[in-house]
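J.: Read off the chains here:
Number of protein chains: 2
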Amino acid sequence: MTVLDNTKPIGISVNKFENFSEWYIQAILKSELVDYAPVKGFIVLRPYGYRIWGIISKTLDERLIQTGHENGFLPLLIPESILAREKKHFSGFTPEVYWVTEAGDERLSEKLAVRPTSEAIAYSTFSNWVRSYRDLPLKMNFWNSALRADIKGTKPLIRNSEFLWQEGHTVHTNEEEARNESQDILEIYREIIEQHLAIPCIGGYKSEKEKFVGANETLTLESIMSDGKALQMATSHNLGQNFSKSFNIKYLGKDDQEHFAWQTSWGLSWRLIGALIMVHGDDRGLIIPPRVAPIQIVIVPIFKDKDAPRIKKAACEIKTTLENTGFRVITDDRNEYTSGWKFNEWELKGVPLRINIGKREIESGSVELVRRDNMDKTHVSCDDLRSQVTELLERIQERLFDQAKALLNKNISSAANLDELKSIIDKKGGFVFCGWCQDQKCELRIKEACGADLRVIPFDNQDLLKYPNCVCCKKKAFRVAAFAQAY
Amino acid sequence: MTVLDNTKPIGISVNKFENFSEWYIQAILKSELVDYAPVKGFIVLRPYGYRIWGIISKTLDERLIQTGHENGFLPLLIPESILAREKKHFSGFTPEVYWVTEAGDERLSEKLAVRPTSEAIAYSTFSNWVRSYRDLPLKMNFWNSALRADIKGTKPLIRNSEFLWQEGHTVHTNEEEARNESQDILEIYREIIEQHLAIPCIGGYKSEKEKFVGANETLTLESIMSDGKALQMATSHNLGQNFSKSFNIKYLGKDDQEHFAWQTSWGLSWRLIGALIMVHGDDRGLIIPPRVAPIQIVIVPIFKDKDAPRIKKAACEIKTTLENTGFRVITDDRNEYTSGWKFNEWELKGVPLRINIGKREIESGSVELVRRDNMDKTHVSCDDLRSQVTELLERIQERLFDQAKALLNKNISSAANLDELKSIIDKKGGFVFCGWCQDQKCELRIKEACGADLRVIPFDNQDLLKYPNCVCCKKKAFRVAAFAQAY
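Here the protein sequences come in this chain order: A and B.
Counting from 297, one number per residue, gives the positions in the first sequence under the working numbering.
Counting from 297, one number per residue, gives the positions in the second sequence under the working numbering.
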């Protein structure tokens, strides 16, 4: 059998910070997370990528079930007349809609939209389910894929014409409960993103210009990628009564009167996989935070022919021990690859911890642990393995977060005037905190001047004293806003 | 607070055996499994239905992972040119395809099919992944929804224009391995359907006329519904090299030569939920087999005002005990409904076991257990509760299977000539076993004479001695075939 050489044929050929865009594409393709599909803007999610999405979605699903949400499934196709019922929503989405116009050989009498989002179809259904205050709150979630014809450039996982996501839709008897729901959901999203994906976020509101079409307010979590561009991680919308009035969702209250309901919608997509690659990866490939890693530990038995059986056996025992402790672990005992080739492959795939075990280790009753994040190596006695592995994985998780937190902090600046803002955006990127008069004209002028969007009006808006004037028009500032160029 | 009266407003108003079709629709709508969607032929899966699908799909997914399959996600939209690459497959599906022809305001240069099934898009992708025998077998599975414009009448869950399913697609180096895969999968499907859904199946082959378009052979599991009509439960296709040649899936063998690969595809859908309702339900509503029941046990505390606190507390303790044993259990302690109303609701929803606990039970340290399948009641000491519940649920599961088995047996007949066949189909329905010459003309004549399809050529074909002649043309029979009218 040919033993393949350790010549890094599988590695990434560019430097992350020199050519970030090409690095990202090589990282996700060579690690076999995704592949391009035959239709422009669409991708195939491969098993390794699917498993990351599976872990993220299972974690979120459990939190949603715990907090009283229920799953369902809504039709993919939405008649144009139903999509059109909420006017702003329709005009916002219609440029991106894929339209079904034929079934078999027949032309349809009404065009059907391929789900760009499910507010319209969900609420036309909810209006049949909601009768009395006893039916509320109605808190539903839907795992599906949504389609939006790309109007900007596409980037796999970050912006595609189709994406896997969940979309939550809730109905409440009063405004306060709906507002609390939209906030609670944002905090659940933050928990997943910060504690599991190890990416810190800035939480806050979208501006009128940037909010979801049809919402009263949109809450957002924004993060920074390694190239200094911002990425919207997840959003939660307080819809007020806009949709309940368009879709006639009314309930009979305790006062025996009919009232329009209050609603929210919110979503989180596979974009988060793209984000964690961008934030944590390095020139060797991915670095997946342990909590969302499909493989948390890879065991590589290192052997020459005559030692193979007992070394493989020892590797197998270690695997069983760690699996029984609850870790996701594999052994790579393929004969046709060198150890070096294997190291490269699992580093490329971002497995957080590797265990090397060879003749020397067996004789000393120890193994070698290699961290993926900083490549540190330690020898550990087999007796301490479980506790050492547990602790190391926790430390890796923490260090990735700390590193991402440092990246975010490094990418937060402030500006007092448009020239300063423009200069920071051009030279350094990242979020620039500024005072803002709340006039959309200033928001548009800033976009025109330096390509930066108003990403988020942070919840924590006490800094207003520091920014008394609008960065653009110099009039009194009413909000602190974070501007950035974004994906 | 108004206490609602026990007047069965929620019950089913028709008899299962007098008006099966109406009974089915009322059963699935009133139990809140599904709802109609605004587009004809489409449905909404409500939380209770989604949870059944969740349990079925989790059970199957674990078996598929155990047997070396991996999940992924394929694009929803398939260019016409790719769908057209396998000619038979294309001509078979094209009358049912929903076509996307526009994105936003723009007309597309090529029509895109909304996924009717993913052979074409999967195999155009696999052809990039498969290089050498080392890459094989490739065993993938996809959980998604497929769309087929209804060409026959629709029936919720049984035949819809969109359905949730899984579709498996595998690639092998040789014919035997592919054939084994298609057989192994059928046996996994049988295990799920017989052991979990408690519905016995007849396994066998489809005829040339009925097989999957593009396959060499289709393996099927067929069951009988309570009205004597057959239902195809799941199919597994041995694709031979038909698709690998159309999509150019070649591998470099150990012999250093290029070979076309061998393939299979297979699927199982939410139709199974419809089947279990049809087979097990009764005039009170659904009866869900314990293994797939979202709620296996409902505890109903029965109280007047002053006893409420301690009876509710006892119910809560029982719930904790049973949950810790691993059961899916809820307590219905709503004040605004009478006990009788609650009994009706949970019977309608088919919860397999109910626990009643009132003042009398608390005083005697016991509870009342009520089986949903035969409505038998027993009193059980709280000390024996866990073991009694475990045993009862197992017995219910077994009895539902035995009952369905009796239904199947009752619906198996045999016929020696066309008049006999026609008479049985007209009067009694069910499967009619006959000798068959293997000529498609006879299959078509039978369909014309009595509306029965050739559902399955059973694996167990040793009965051929009993059926020496074709039921239609009287020539020598080469196969035993089971004919039936079907959904």
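Worth flagging that the hints you see were computed from the coordinates, not collected in a lab.
No experiment lies behind these values; they were computed from the predicted model shown.
The reader is advised that the hints may include incorrect statements.
What the hints assert, rightly or not - Calculated cross-link-like contacts (lysine to any residue; reagent style SDA-like; alpha-carbon spacing at most 20 Å): (1) K354/B <-> L404/A; (2) K546/B <-> T355/A; (3) K407/B <-> T355/A; (4) K448/B <-> L404/A; (5) K384/B <-> I626/A; (6) K354/B <-> W439/A; (7) K336/A <-> K608/B; (8) K435/B <-> I626/A; (9) K771/B <-> Y783/B; (10) K608/B <-> R624/B.
Said to hold, decoys possible - Partial pick of chain B residues on the chain A-facing surface, computed with a CB cut under 8 Å: (11) P343; (12) F386; (13) S387; (14) L443; (15) A445; (16) Y763.
In this text, a Cβ means the ideal position worked out from N, Cα and C, and glycines have one as well.
J.: Hint by hint, note whether the structure agrees.
T.: Quick rundown of the hints versus the structure:
For the proposed pair K354/B and L404/A, the alpha carbon gap of about 37 Å is over 20 Å, so the pair is violated. In summary, the hint linking K546/B to T355/A is not supported, as the alpha carbons are separated by about 39 Å, beyond the 20 Å threshold. About 38 Å separates the Cα atoms of K407/B and T355/A, which puts this hinted pair outside 20 Å; it is violated. For the given pair, K448/B sits about 17 Å from L404/A by alpha-carbon distance, which is consistent with the 20 Å threshold.
With a C-alpha separation of about 42 Å, the suggested pair K384/B and I626/A falls outside the 20 Å cut-off, and the hint is violated. The hinted pair formed by K354/B and W439/A meets the criterion: a straight-line CA distance of about 15 Å does not exceed 20 Å. For the hint pairing K336/A with K608/B, the CA-to-CA distance comes to about 59 Å; that exceeds 20 Å, so the pair is violated. Of the supplied pair hints, the one linking K435/B and I626/A holds, its CA atoms being roughly 19 Å apart against a limit of 20 Å.
Note on K771/B and Y783/B: the hinted pairing is violated, with a Cα-Cα distance of about 30 Å set against a maximum of 20 Å. Distance restraint check for K608/B and R624/B: the Cα-Cα separation of roughly 18 Å lies within the 20 Å cut-off, and the hinted pair is therefore satisfied. Hint on P343/B holds. Least Cβ distance to chain A is approximately 4 Å, under the 8 Å limit. For F386/B, the interface hint is violated, the least distance from its beta-carbon to any beta-carbon of chain A being 12 Å, above 8 Å.
Taken as an interface hint, S387/B does not check out: its beta carbon lies about 12 Å from the nearest beta carbon of chain A, beyond 8 Å. Among the interface hints, the one on L443/B holds; its C-beta lies about 7 Å from the nearest C-beta in chain A, closer than the 8 Å criterion. Annotation: interface hint on A445/B holds; nearest CB of chain A at approximately 4 Å, less than 8 Å. Interface hint status for Y763/B: violated, as the beta-carbon distance to the closest one in chain A is roughly 39 Å, over 8 Å.
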